[in-house]
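So the sequences go chain by chain: A and B. Position 34 of the first sequence, counting from 1, maps to 138 under our numbering, and the rest follow consecutively. Position 139 of the second sequence, counting from 1, maps to 819 under our numbering, and the rest follow consecutively.
In case anyone wonders, no lab produced these hints; they're calculated from the structure. Just to be clear, a hint being listed does not mean it is correct.
Not close to chain A: a few residues of chain B, all C-beta gaps over 10 angstroms, as computed [claimed, not checked]:
| id | residue |
| --- | --- |
| 1 | 781 |
| 2 | 791 |
| 3 | 807 |
| 4 | 812 |
| 5 | 848 |
| 6 | 860 |
| 7 | 872 |
| 8 | 902 |
| 9 | 910 |
| 10 | 914 |
| 11 | 920 |
| 12 | 922 |
| 13 | 932 |
| 14 | 935 |
So the derived label-pair ranges between C-beta atoms look like this [claimed, not checked]:
| id | chain 1 | residue 1 | chain 2 | residue 2 | range |
| --- | --- | --- | --- | --- | --- |
| 15 | A | 396 | B | 886 | 26 to 34 angstroms |
| 16 | A | 138 | B | 869 | 50 to 58 angstroms |
| 17 | A | 105 | B | 681 | 19 to 27 angstroms |
| 18 | B | 752 | A | 133 | 53 to 61 angstroms |
| 19 | B | 693 | A | 335 | 30 to 38 angstroms |
| 20 | B | 681 | A | 211 | 23 to 31 angstroms |
| 21 | B | 952 | A | 335 | 33 to 41 angstroms |
| 22 | B | 803 | A | 132 | 43 to 51 angstroms |
| 23 | A | 138 | B | 694 | 36 to 44 angstroms |
| 24 | B | 802 | A | 148 | 44 to 52 angstroms |
Beyond 10 angstroms from chain A on every Cβ pair, some chain B residues (computed) [stated by the list, open to error]:
| id | residue |
| --- | --- |
| 25 | 691 |
| 26 | 698 |
| 27 | 941 |
All C-beta atoms in this analysis are idealised placements derived from N, C-alpha and C, irrespective of residue type, glycine included.
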Amino acid sequence: MTAHVATPPGELRAALIIARFVLRESLRRRVFVVIGLLTLLFLGLYGLATWQAFEAADELSAGNRFGVDANTLVGATLAGLSLFAILFLGTILAVFLTLGAVRGDAERGLLQPLLVRPLRRRTLLLGRWLGATAVCAPYVVLVALGAFALTDALGGWWPDRTLGPLLALALGVAILAALSLAGSIVLPATANGIAVFMLFGAGLTVGLLGQIAEGINSDRLERISDIGSWVLPFEALYQAGLADLTAETVGFEKLAIDLGPFGGAQSGGAALWIFSLAYLALVGAAATAALARRDL
Amino acid sequence: MAPALSVTDIRKSYGPVHALRGVDLEVGTGELIGLLGPNGAGKSTLVKIVCGLVRATGGTATVCGHPAGSAAAQATLGYLAELFRFPDWCTAGELLALHQELSGSDGGAAERQELLELVELADVPDRRIGDMSKGMQQRLGIAQALIGSPRLLLLDEPTSALDPAGRRTVRALLEDLRARGVSVLLNSHLLSEVELVCDRVAIIDHGSVVAAGTPAELSRPGGVEIETAAGTRTFAQATRDDVPRIVRELVAAGEDVFGVAVRSSTLEDAYLEAVGRA
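Please model the complete structure; the sequences and the hints are all you need to start from.
Structure, rendered in structure tokens:
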């Protein structure tokens, strides 16, 4: 046997090695093929719905007496709905890529051979998160762009701001991937998957509470909704993305959109982005501390 | 030079359960140590503490002078777990390449090829691990543990899924590694295997080392049996040195001697006695 020199890689390089391995696994397990086909199905259904909605909007516009641009109303509402659906799809992807990443892999004996290499546990977590995010974030961005393009092609409506909603979705799924990865340290895979989807549902509920609060003008409910959005910032990001869709829209169209199911949307400003990044770092630190204490 | 492995008063408790109760063990350079003990004795826990997978409750463990679990310690060891799995979607070559990258080995394709040849998997570098038999995966595990030329090799039941030919291959490999100065801690239930290859043996039971020494030291004389025309006569307290005298006396007494057998207890006897199951 020939003796070889081993010079362990730096922490970032090691994390990228793990991330690349996660991506390769996604490719090899044909995750992208399945997702691609299902996404095409989703976009096909979205396109069909959009086409029908704009057809109906044309009829509505012909007879409306209030000067409301029905195309804007329909386009914004559909794009808003698509954001919600895409966040949900991205969440599914994030959860399935991470739900058994630590405890599940350790119980199956997959993790130990990696962690006896000169690889810090936090580096493994970083690599797993980077790998999952490198799949989920581009996915939601591309699907959202596809949905916007369909809305534009079929009804001539494009969001007022494009970058904001895309970044909000990307950061939202990155946070969900981090939460799922952190959960995978302490929970068995199935329980972790359920827990993350319940968090997603809780976020949705917080958003609905905000809408109700606005509708009935309740400060207390609005405060509860605000606190919930800070605790689950992926929801706040989604609301911010939603707000960006019609950020430049004014007048009756804006009023009509705000009366719809996505009327609670509000931009969190720069603070939301800074807070979301800090939240991500906090989840990472908590996950690192939890994994450091865990016997494998 | 620091010993390949030094374990001092290592203790580990899982709540009220004491898995290790103060274990001391040292593995010198090029030494091949067998770790024996019944299921649940604490052998795997000890190995996992050395690997940094499990945190000790007390005591110290160093690998080549570095604290166990540190990156420096892990850079010097190779490990094959008792219960392990590799990603079933990747190939043998890809798995070794991943471990080369993580350990920073400069061996490249030549190292992968050499290791696959060593464990007799050179003809299937592109086979998916999911399509390999358990024995092939175990041999791949050994190859993986050897990535980056480790100074200390920790093998937890490395031959449990191997056929006799595979076991012989691994024995030859272990002897080759010892000759090259690689230290090995071999955790195995196969006493005959341990007896054949190990320089020293440590027997663990209920979290403590209950016996240690060379296989010869642990085995005790079992008397001398002499086959005569009148039947087999046993001299229970006799040793090999007593044989010429006993034979002379028997012949002088007019007996015909047809055969002599010097008996000693096996490692299995010593093991069963040490763990109180003799």
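**Request:** Tell me, in ascending order, the numbers of any earlier hints that this structure violates.
**Result:** Numbers 1, 2, 6, 16, 18, 20, 21, 22 - these are the hints that the structure violates, sorted from lowest upward.
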